[in-house]
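Q: Heads up: the sequence lines are chains W and L, in that order.
Numbering follows the numbering used here, in which position 9 of the first sequence is assigned residue number 9; successive positions increment by one, without gaps.
Numbering follows the numbering used here, in which position 211 of the second sequence is assigned residue number 211; successive positions increment by one, without gaps.
Think of the hints as simulated: they come from the structure by calculation, not from any bench.
A portion of the hints provided could be inaccurate.
As the list claims (entries may be wrong) - Only pairs whose alpha carbons sit at most 16 Å apart, straight line, appear in this in silico EDC-like list of lysine to aspartate or glutamate:
#: 1; chain 1: W; residue 1: K78; chain 2: L; residue 2: D203
#: 2; chain 1: L; residue 1: K78; chain 2: W; residue 2: D83
#: 3; chain 1: L; residue 1: K32; chain 2: L; residue 2: E103
#: 4; chain 1: W; residue 1: K32; chain 2: W; residue 2: D83
#: 5; chain 1: L; residue 1: K32; chain 2: L; residue 2: D77
#: 6; chain 1: L; residue 1: K32; chain 2: L; residue 2: D84
Quantities reported herein were computed from a predicted structural model and do not represent experimental measurements.
For reference, the chains in residue letters:
There are 2 protein chains.
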Amino acid sequence: MTITTCVFDAYGTLFDVSAAARQAAEQPGREKLAACWQALAADWRNKQLQYTWLRAITGEHTSFWNVTMDGLDWAMDKHGLDDDPELREILLALYWELAAYREVPAMLARLKAAGKACAILSNGSPDMLEGAVEFSGIGTYLDAVLSVEDVGIFKPARQVYDMVGTRFGCAPDEVLFVSSNGWDAAGAAGYGFTTVWANRAGDPVDRLPHRPHHILSDLTTLPEIAT
Amino acid sequence: MTITTCVFDAYGTLFDVSAAARQAAEQPGREKLAACWQALAADWRNKQLQYTWLRAITGEHTSFWNVTMDGLDWAMDKHGLDDDPELREILLALYWELAAYREVPAMLARLKAAGKACAILSNGSPDMLEGAVEFSGIGTYLDAVLSVEDVGIFKPARQVYDMVGTRFGCAPDEVLFVSSNGWDAAGAAGYGFTTVWANRAGDPVDRLPHRPHHILSDLTTLPEIAT
Chain W
1 MTITTCVFDA YGTLFDVSAA ARQAAEQPGR EKLAACWQAL AADWRNKQLQ
51 YTWLRAITGE HTSFWNVTMD GLDWAMDKHG LDDDPELREI LLALYWELAA
101 YREVPAMLAR LKAAGKACAI LSNGSPDMLE GAVEFSGIGT YLDAVLSVED
151 VGIFKPARQV YDMVGTRFGC APDEVLFVSS NGWDAAGAAG YGFTTVWANR
201 AGDPVDRLPH RPHHILSDLT TLPEIAT
Chain L
1 MTITTCVFDA YGTLFDVSAA ARQAAEQPGR EKLAACWQAL AADWRNKQLQ
51 YTWLRAITGE HTSFWNVTMD GLDWAMDKHG LDDDPELREI LLALYWELAA
101 YREVPAMLAR LKAAGKACAI LSNGSPDMLE GAVEFSGIGT YLDAVLSVED
151 VGIFKPARQV YDMVGTRFGC APDEVLFVSS NGWDAAGAAG YGFTTVWANR
201 AGDPVDRLPH RPHHILSDLT TLPEIAT
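Using the sequences plus the hints, can you model the full thing?
A: Below you can see the structure in the form of structure tokens.
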């Protein structure tokens, strides 16, 4: 089956989610953060994800912005930074201005030149996604920015992946789904999409019921899979 | 409302789950493991839990023994130990002979002396739980060992917490639920149990919709809450 539609996860896949803590650590007077920003960013991300999964199981959905704040609060507490409300505001503000990974604009341009529909499918709140898309300047390549807010549950619930067919009228096997999150690629593979895991960190493949069809170290060569 | 029934999570709460990797690291000729066993144990546990949550969301249940093996395979791969099938077997075998934390037998004895029903409610497979209960010698204090296998979904799905009322005929507010996993204590609090988080690691409280009612550093003083 020919791929007609390329769908991308947002955070960690198109946008560099560790950028927020790294950039804040580079500011003057942030020595305490500079010493721990990598662990802080990892804990922030881990708790953010855990909270999405736990809320999906118990049916207690909230916006991704809320779990982003909740994850940061846990991580700042863990690293003894919870007495610094100014730092909290700086880190949260940076989350609205995430950079795209460097290969992303040219990769999306190639897909559009090949006639593919391109979209984001993300846990992110519509306003968070709008901010990141605008800041990174990739909006011109995107036919849709789909947020789980429209279905009220986080990935990898099937209702989220259903949004692609609803929006584009395509069958699952016409969709190439791309995520840097192994569990998201696995969930999408189980749904029936052809999947690419952008394994930026060089991690082992997740031992879940479904495996990604392709594994790349970044997105540079993605158009060769899609076309 | 009087507490009639004390229900315990198993792994990390009554049984020391990091013991398997630590004991294996102490064996002669295991220098490579000795250098990384703490990170290996943490990654093993993290992936084991992630896989339970992801399978609960997608409805792809399997036994806890399977996700325990899956998590270990990921962690051994991550740490460059995936070329050592003998080590894999040693680590998995130790999982069937986990020690109870030192304060556990006397704590359970006090609860029984006070007339409380005591039970385990665990993600673990019945055979894994049977092995750990037998090895640790705490079976004499337990009125029931409840496994999620009977409902076919992992915590914190409500169906799991339902098992307590089904078994003991008690109302949620008669139950004191105890877990070292903050997310499990939070899920049980949302269900309606009175909850204790055994915060053995000194971690920040999870920013989830429900908070534990009590936080202890270990289980020594638990009977004072229950009685």
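Q: For every hint, state whether the structure bears it out.
A: Comparing the hints with the structure gives:
1. W:K78 <-> L:D203: OK: K78 of chain W and D203 of chain L at ~7 Å, within 16 Å.
2. L:K78 <-> W:D83: violated, 35 Å
3. L:K32 <-> L:E103: Distance of about 32 Å is beyond 16 Å: violated.
4. W:K32 <-> W:D83: This hinted pair holds, its Cα atoms lying about 12 Å apart.
5. L:K32 <-> L:D77: With a Cα-Cα distance of about 13 Å, the restraint between K32 of chain L and D77 of chain L holds, given a limit of 16 Å.
6. L:K32 <-> L:D84: This hinted pair holds, its Cα atoms lying about 11 Å apart.
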